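Chain order of the listed sequences is A and B. Take the first sequence: its position 79, counted from the start at 1, is 79 in this note's numbering, and no numbers get skipped. Take the second sequence: its position 269, counted from the start at 1, is 269 in this note's numbering, and no numbers get skipped.
Please note that a few of the clues may not be correct.
[Said to hold, decoys possible] Once the Cα atoms are required to be at most 35 Å apart in a straight line, the calculated DSBU-like pairs of lysine-lysine come out as:
id, chain 1, residue 1, chain 2, residue 2
1, B, Lys302, B, Lys43
2, A, Lys100, B, Lys345
3, A, Lys44, B, Lys71
4, A, Lys342, A, Lys131
[As the list claims (entries may be wrong)] Examples of chain B residues toward chain A, derived with CB under 8 Å:
id, residue
5, Asn118
6, Pro126
7, Met131
8, Thr143
9, Val276
10, Phe334
11, Thr335
12, Asp341
What the hints contain is simulated information worked out from the structure, not anything from laboratory work. These numbers come from a predicted model, not from an experiment. Glycine is no exception: its CB is placed at the ideal position from the N, C-alpha and C atoms.
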Amino acid sequence: MANMAQAIRMALHYGEENLGVQEIFGEDVGAPLGGVFTVTQGLKTAWNAPLDERGIVGAAIGLAWAGSRPVAEIQFVDYIFNTIDLLKLAGNSLWCSGGKFPCPLVIMTPTGSGIHGSIYHSHSFDSIASKIHGMKVVCPSTPIDAYGLMLAAIKDDNPVLFLKPKALLRAKGKELIPGEPEDERALKEMIDAPIGDRSKWKPKWPSLEEFIVPIGKAKIAREGSQMTVVTHGRMAPICLQVAEELANAGEADIEVIDLRSLIPYDWQAVKDSIRKTGRILFVNEETEISNFGEHLIRRCVDEMFYELAVAPKLLCGKAIPGIGLNPGLEFNSVPQKEEVEKAYRRLLSEQA
Amino acid sequence: MATKVKSFRQTGKDPYESLSPETLKKIHRTMVLDRLLEERLIKMSKGGEGFFWIGGPGEEAFSVPLGFLVKKGQGLDHDYLHLHYRSSGIALAMGAQVIDSIRQMRTVMTDPYSRGRNFVNHYAIPEWNIMPVSPTIETQYSTCIGSAIAQKRHGGDGISIVNGGDAGSAEGDFHSCLVWSNRPANPLPILIIVVNNRFGISTPFEQQHGEGDISNWAKAFEGMPGKTINGNDPVESYLAIEEAMRYIRKERKPYLLEARCSRLHGHSSSSGANRVDEPDCISLFEDNLFQRKMMTPEEAKKIWTECREICDTAYSQVKTEPYPDPEDIWNGVFTEGIDDDYPKKGGS
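Chain B with its partners taken away, still in its complex shape (with noise of 0.2 Å):
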């Protein structure tokens, strides 16, 4: 039997007075920083100063609450995310900065993730326990269950975090995420995340999805809890991963959250990228913050003015900064280097 974990916040009051006013305009900054770098992204893109763009404009009011909330660092003792590439909102709430997502996009020799070999918002942090965001589909949910043996094993309270789209889940890696994650022997510390914007490339969800909320999966498992939110909305983006992960750290068990967000401008470059007409997270937020008097107008334009200049000043430098060598192919074959007799010609 699945149990719905019950928030402690529920306490009858209003939601954003749940959170304080630095904690709302530290969100709110990060979600507009995150939408225009994507933008900015996905006009590189278009314009040719860079290739493929994917991304998670749409989803930045469960993205940025959740790099908040990250125990941050590196090794056993902090959370080891597992991420997708609609991610940039989670890396920026962490502290990632604007300029190296362009460096990836124009793929110069100091994109710090992977020196111009992948596409952007492919993150890889050490530092931080941000794991090779890789552009297949959902392997993200078999790796997740490696660094979250390490942590059961290790002690203390680092949780493994994964995240992906809702078309993923037909993956067989999600469900061997959920049979790994509630082995009897050894149930893992998994915030396992699915992010639903109800759409494949183009192929819409309830085309091929019979299970209604993708959370429904957690009933299969004795315990497990599994709760669907709104995903627009930052406070409850906010208190549902705060609550998830409150459980994680104290029971060492895996959550499943499913998320409800939009996706503001499709499946990728692959299919245009062009603005659609769902639900903007940022304008509701807004509104939110506006309604309650807790951000005015004016602050809000001042705070996207701010932003636009980093990306406009980041985008200016990464104009500068060389391409890498083409040689440099040859780095990271192996961690010793590869030797004289390794074949390099690539052919006769």
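Next comes chain A alone, as it looks inside the complex (with noise of 0.2 Å):
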């Protein structure tokens, strides 16, 4: 099976294909290296830019206006604070112009934590993202997922943040991409350039399918009765296992939302499964304080407060100004697989 950054890199190729790309490009994004997580290598129209993440948004900003649509890459979000008034102007320039000029480009950015990236390779942006409004944010947490949200990023008429979970980019899929071979070998030495040389290198394509997964569609990874969680990225497949592993031992029974899109959101998946479990709780590794989980409990209570058993409940990042190196301070910042576990059995616990 592909992982998400083969995933990604195939959804690449299937764009410039097919939906019109012609133009990929951020910093190390072109040959020799196509992206420090290899996203973009052997892409056709990726291109290496000037380290300048301003350039890089303004550029694709640009291109978007004059009828391009652009996929520009952020090398890491912890670098993409300095462009926060250019995302701005990508998202508000249907609004401000009455509506004569959108801004269909995607921009893609590693994000979070779990490489032990230490104060400025861990950043999260889910939260500070979602308040860039016009802009839609999406994240996946598995290749296939990463595969559909980014044709759909490309053919959507708005601009697009495709937060691509770096602890998740090597990570391997439980499903075929449409068109990729079952061999996973295969498709490694078809597309995954080799060590040294690479400049006579080309890949070979697999014959790739469209595949969609709309953006404001949440997915249920697992069906449950007693409790509901809700997360994305790379806290998903660890809210999942847990889930998982409380079922197999026969001790809860928990569906696990992957919200997918954080703009626009699936609040009717929430509502949904509020209504059947009657407890909540939210999931991510942004850090507390204006945590974006905050604003779907304020919604949780505002508007399902008569369907909620116990009150809703929040598991996330510590509000601190950085992710330590040492992995006893990484993993005292943002939530751990045990944590989950506490959390999902507090709140199963709790006195209705």
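From the two separate chains plus the hints, produce the assembled complex.
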């Protein structure tokens, strides 16, 4: 099975061939590296930009206003902070121009912790991104969803911020991407650049097919009846694993919702699940204080109060300036598997 | 080594003879119309018939010729404009209507540029490739990179044009534009303009900038033309812009043009927008036309009267037009609209 980096690469190739993508660019995005996470290896329209995030986002906006459908990369989301006013410009150009200037671009960027990335390679951006109104924000947790969301993002007439959970970029999926060869070694030989001299290498792309994950549509990763957990990105496989372990042990039946899209988000899926379970926990690795999950909790209280058996809960990152390099510091900063399990047990045991 | 491009018109004759009488009169009339429009907008701002004013009185001698020289139209075969908020002369020369600026000042629903949402002089005209003008300083120098990339890929002779002020050139976006447009891997056809009025709001240029001419930045890039001109003279402006455009359209490379202009009403309404004592490019132009007998004072007076009537008529019309429905805020969040589950209450 393809990993998430390969899945996004194949989606971008599909975009080049079928969806009108003519520019894929960013720092080290072109040959020979093809991106620090190899997401853009072998793509025919990928090129290296200057080390200038504002130029990258500005160029993407100008391309989009001029009718192109660019895909630009910010190498790590930690480097995106100096582009916030340009992201705001991308998000507001349609509204400010009275509907005349849509901005159909995709900005993709690795997000979150989990690779011992220390202070400036571990940031999350989810909550800040959700404040850039007019911009859609997606964050997959599986290769197949990454493929489908990237195609949806390219096709979308609005700007889309595509958050790539960096800890999951090497994680393999459980579902074949339409057109992907079944033998993962064959796929690797076809589309992964060799180590060493790549000057004569060219990828052999599989015959890929269109597969769209609609933006704004969550996935029920596991159906359950006793409580709901709403998560996305890097925390999704952890939340799912814990839920399955408790189910296999006969201890709990937990529903896991993988939001996939943060803006717009699938409120209907959240509401439906609360009606079923009456208990809800939000899990993400963003920091506390104006966390995106806090907004969802407020909305649950406002609109679903009488459907809730107990108060909704949030498990998220600690409100500190950075994520320390020492594993003990990192693990004490963002939710780990053990804390997810504890949070499940606490919510399940709370008296209704 | 920067190249100082010589004018193809450097023939030793009076520059005013380089342009046809019709062109000179067209430029003069549009400069007058632009000045009267801006004065009307200032008056509306002061009179409570609008809010903040910011605009370009004093820059007409540069902006109007530029507008006439644009290859106007929609799409990659035409020029793209990434403008700042002192560009009314460019827009009027391209064919924008006085009434639409007055609409934007009054924030009425008929404002074609923003539906009552943005400050005056913030254009967005897709039919003429005028990209949305943003109140942010200098972001246009980053966005122009994108349209120029698209034009370079497309071929043809369309160029991207960006303008802004001298103070804004301290922002990183200005330097992004210089670096990106001079990439050896893919030079870009951008006319990079800095209109130097020697102030950033209240701060004098000389206190903050040690580079002398801003066009000196071109010297950092091999072969990049850079030029500083007297932007208070419409003929010098016209010839310099024409020369720069000719170079960019043919070479598909950038050109840095600095125009020294007056700022006749200060930064904006925030500083009172009162008339200040700086050279007036229209008076200077009229003196030049009168001396050369290309126009009589009576003809000029008639043009001022006609343009004033255009502004008066437009103003009267706009006063009858409706304000936006407050619920219009929900239009344009996303291209497809927003669904029923989008949070719309503004809280609990």
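Structure-based check of all given hints:
1. B:Lys302 - B:Lys43: OK: Lys302 of chain B and Lys43 of chain B at ~22 Å, within 35 Å.
2. A:Lys100 - B:Lys345: Measuring from Cα to Cα gives roughly 26 Å; hence the hint holds.
3. A:Lys44 - B:Lys71: holds, 32 Å
4. A:Lys342 - A:Lys131: holds, 30 Å
5. Asn118: holds, 6 Å
6. Pro126: holds, 5 Å
7. Met131: Check passed: Cβ of Met131 of chain B comes within 5 Å of chain A, closer than 8 Å.
8. Thr143: holds, 4 Å
9. Val276: violated, 30 Å
10. Phe334: holds, 5 Å
11. Thr335: Hint on Thr335 of chain B: holds, closest Cβ of chain A at ~4 Å, below 8 Å.
12. Asp341: holds, 4 Å
The structure is inconsistent with hint 9 alone, although it conforms to all the rest.
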